[in-house]
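Once you've looked at the hints, dock chains B and C against the given chain A.
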Amino acid sequence: MSAATLYGLCSAVLIGLGLFGLLTHPQVLRKILAFNLIGTGVFLLFGIAARRGAAAGFGGDPVPQALIITGLVVAFASTAVAVSLLLRLFQETGRTTLPSDE
Amino acid sequence: MRLLLDGLTILAVGAGAFFFLAGTVGLLRFPDTLSRLHALTKADNLGLGLIVLGLLFQAEGLFAALKLIGVWLLTLLAGATVTQLFARAARNGGSPE
Amino acid sequence: MALDIFLGLLVLGLAVWIVSTRDTLAAAVEFVAFGLVVTLVWVRLAAPDVALTEAALGSGLTGGLLLGASTRLARAETATSGERHGAVLRLSAAGVCALISAAIAALVILLPEPAPTLAPEVAANIAATGLENPLPAVLMAYRAIDTLLEVVVLLLALLAMWSLAPDHLWSGLPWRPDAVGRDGVLTFVAQLLAPVGILVGIHIFWIGSVAPGGEFQGATILAAMWILVTMAGLRDMPPMSRRWLRVVLVIGPAVFFAIGLAGFAIAGSFLGYPPSYAKQLILTIEIPLTLSIAAALALLIAGPPERAAQ
Numbered sequence: 001m002s003a004a005t006l007y008g009l010c011s012a013v014l015i016g017l018g019l020f021g022l023l024t025h026p027q028v029l030r031k032i033l034a035f036n037l038i039g040t041g042v043f044l045l046f047g048i049a050a051r052r053g054a055a056a057g058f059g060g061d062p063v064p065q066a067l068i069i070t071g072l073v074v075a076f077a078s079t080a081v082a083v084s085l086l087l088r089l090f091q092e093t094g095r096t097t098l099p100s101d102e
Numbered sequence: 103m104r105l106l107l108d109g110l111t112i113l114a115v116g117a118g119a120f121f122f123l124a125g126t127v128g129l130l131r132f133p134d135t136l137s138r139l140h141a142l143t144k145a146d147n148l149g150l151g152l153i154v155l156g157l158l159f160q161a162e163g164l165f166a167a168l169k170l171i172g173v174w175l176l177t178l179l180a181g182a183t184v185t186q187l188f189a190r191a192a193r194n195g196g197s198p199e
Numbered sequence: 200m201a202l203d204i205f206l207g208l209l210v211l212g213l214a215v216w217i218v219s220t221r222d223t224l225a226a227a228v229e230f231v232a233f234g235l236v237v238t239l240v241w242v243r244l245a246a247p248d249v250a251l252t253e254a255a256l257g258s259g260l261t262g263g264l265l266l267g268a269s270t271r272l273a274r275a276e277t278a279t280s281g282e283r284h285g286a287v288l289r290l291s292a293a294g295v296c297a298l299i300s301a302a303i304a305a306l307v308i309l310l311p312e313p314a315p316t317l318a319p320e321v322a323a324n325i326a327a328t329g330l331e332n333p334l335p336a337v338l339m340a341y342r343a344i345d346t347l348l349e350v351v352v353l354l355l356a357l358l359a360m361w362s363l364a365p366d367h368l369w370s371g372l373p374w375r376p377d378a379v380g381r382d383g384v385l386t387f388v389a390q391l392l393a394p395v396g397i398l399v400g401i402h403i404f405w406i407g408s409v410a411p412g413g414e415f416q417g418a419t420i421l422a423a424m425w426i427l428v429t430m431a432g433l434r435d436m437p438p439m440s441r442r443w444l445r446v447v448l449v450i451g452p453a454v455f456f457a458i459g460l461a462g463f464a465i466a467g468s469f470l471g472y473p474p475s476y477a478k479q480l481i482l483t484i485e486i487p488l489t490l491s492i493a494a495a496l497a498l499l500i501a502g503p504p505e506r507a508a509q
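Protein chains in written order, with this note's numbering: chain A, 1 to 102; chain B, 103 to 199; chain C, 200 to 509.
Rather than coming from a laboratory, the hints here were simulated on the basis of the structure.
Where hints are given, some of them may not hold.
[As the list claims (entries may be wrong)] Within a straight-line C-alpha distance of at most 25 Å, the following computed SDA-like cross-link-like pairs (lysine to any residue) qualify: (1) C/Lys478 x C/Ile401; (2) C/Lys478 x A/Gly57; (3) B/Lys169 x C/Gly383; (4) B/Lys144 x C/His402; (5) B/Lys169 x C/Leu239; (6) B/Lys169 x C/His402.
The structure presented is a predicted model; accordingly, all values stated were derived computationally and were not measured.
Next comes chain A alone, as it looks inside the complex (with noise of 0.2 Å):
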């Protein structure tokens, strides 16, 4: 086993662990946690990927390295936009739950 199929199968657990985060915790904040760790996961598949298709004196195919630039750069920009809702409903209604999930 490479190391670039030790590092999937650890992505596979953590799209897992994420996606187990994201249903099971009531409070938004953690959701968002949990999210970030399911990206982290599939960006780790991208990686292993890259690497899988290192050619050409370079240590990683680099087609696969710029989507996950990409892609990090979005997460952090969703990430943001979902802070700032969250802080949005505290200030509107006083509590960091979804409603649906008392």
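Same frame as chain A, now just chains B and C:
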């Protein structure tokens, strides 16, 4: 010469790792925030300094060595600042544990 | 290999800890540590540019965002910190997640050998872009349309965040903790570190053409320095209605788009570069792009307006 440099690196990095271990044990075992910060600063300053010293023996060229020392100084600055802020918050009214 | 096993177990252990811990602030702190360990994983996967971006954006800026939110919500979070759903829901969720993990793990094991790769094509054409680091070549030349749309997404996220402000605060200032003031330590560090940080940020942006680095990593460091200066109370965030702020935000993608349109005339396709001055064109795009991304990232961390401007 190569052997001497590698031996010195292993010695210094090992000593640095020991200080990091001591700092972590202090973090886990000390009772309150201020004493934990005290333990962590030992890890930060001395531990990282020894590791950087060990890596200096492996650096290729003056510029890489200067960058390593720059990393150490910046980490010192950040660590000292955060320690001060934490200690002030702990003294003023309880930082969240 | 042993190091990879150790790092993998560390990543999984931190993730389990994040999902299962009771206190939200602790979970946010653990997330920052998790991001730093994932940075090491990126280095092991031979992706140093991604490692830089993960350390700066994924761990640093996202961690700062989540830490700030969890301290602002501390009272409400501690009131609900022990709440969980019922055991039945959690067991069935665990079952579904285990199934999904197993499916993805099977996918990973069944990946085709030899792995398909685009690295030879990247290496064959990189001389035409004038760059040596393959990642900026992919980001700015081969897949430049993705990078342009990515920056537009950043601006759209900023708009979405700003639209959360109530009407009367539309040209106001973002939230600031009451205790910010001339606190000696933070002010001293901000005055000392901000010039060094700006220099490091510009260096990382500049070196991106030959070594790991690039405009996203450099822009993140510049944004972090701006945030540090506002946190220390040395300067306030500018109100979002300032014209110069909006010009800085828009100029990056505008120049990018303009050079893209010019590509029709000089190279025959949208965002095409003629090989003789490809590097100069890429540089002309990257400099305003770095400024725009830095401004957008700093404003995304600062948040929507919540105070009236004086």
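Okay, the hints, checked on the actual structure:
1. C/Lys478 x C/Ile401: holds, 18 Å
2. C/Lys478 x A/Gly57: holds, 22 Å
3. B/Lys169 x C/Gly383: violated, 28 Å
4. B/Lys144 x C/His402: violated, 31 Å
5. B/Lys169 x C/Leu239: The hint holds at about 19 Å.
6. B/Lys169 x C/His402: Within the cut-off at roughly 13 Å; holds.
Of the numbered hints listed earlier, those contradicted by the structure are 3 and 4.
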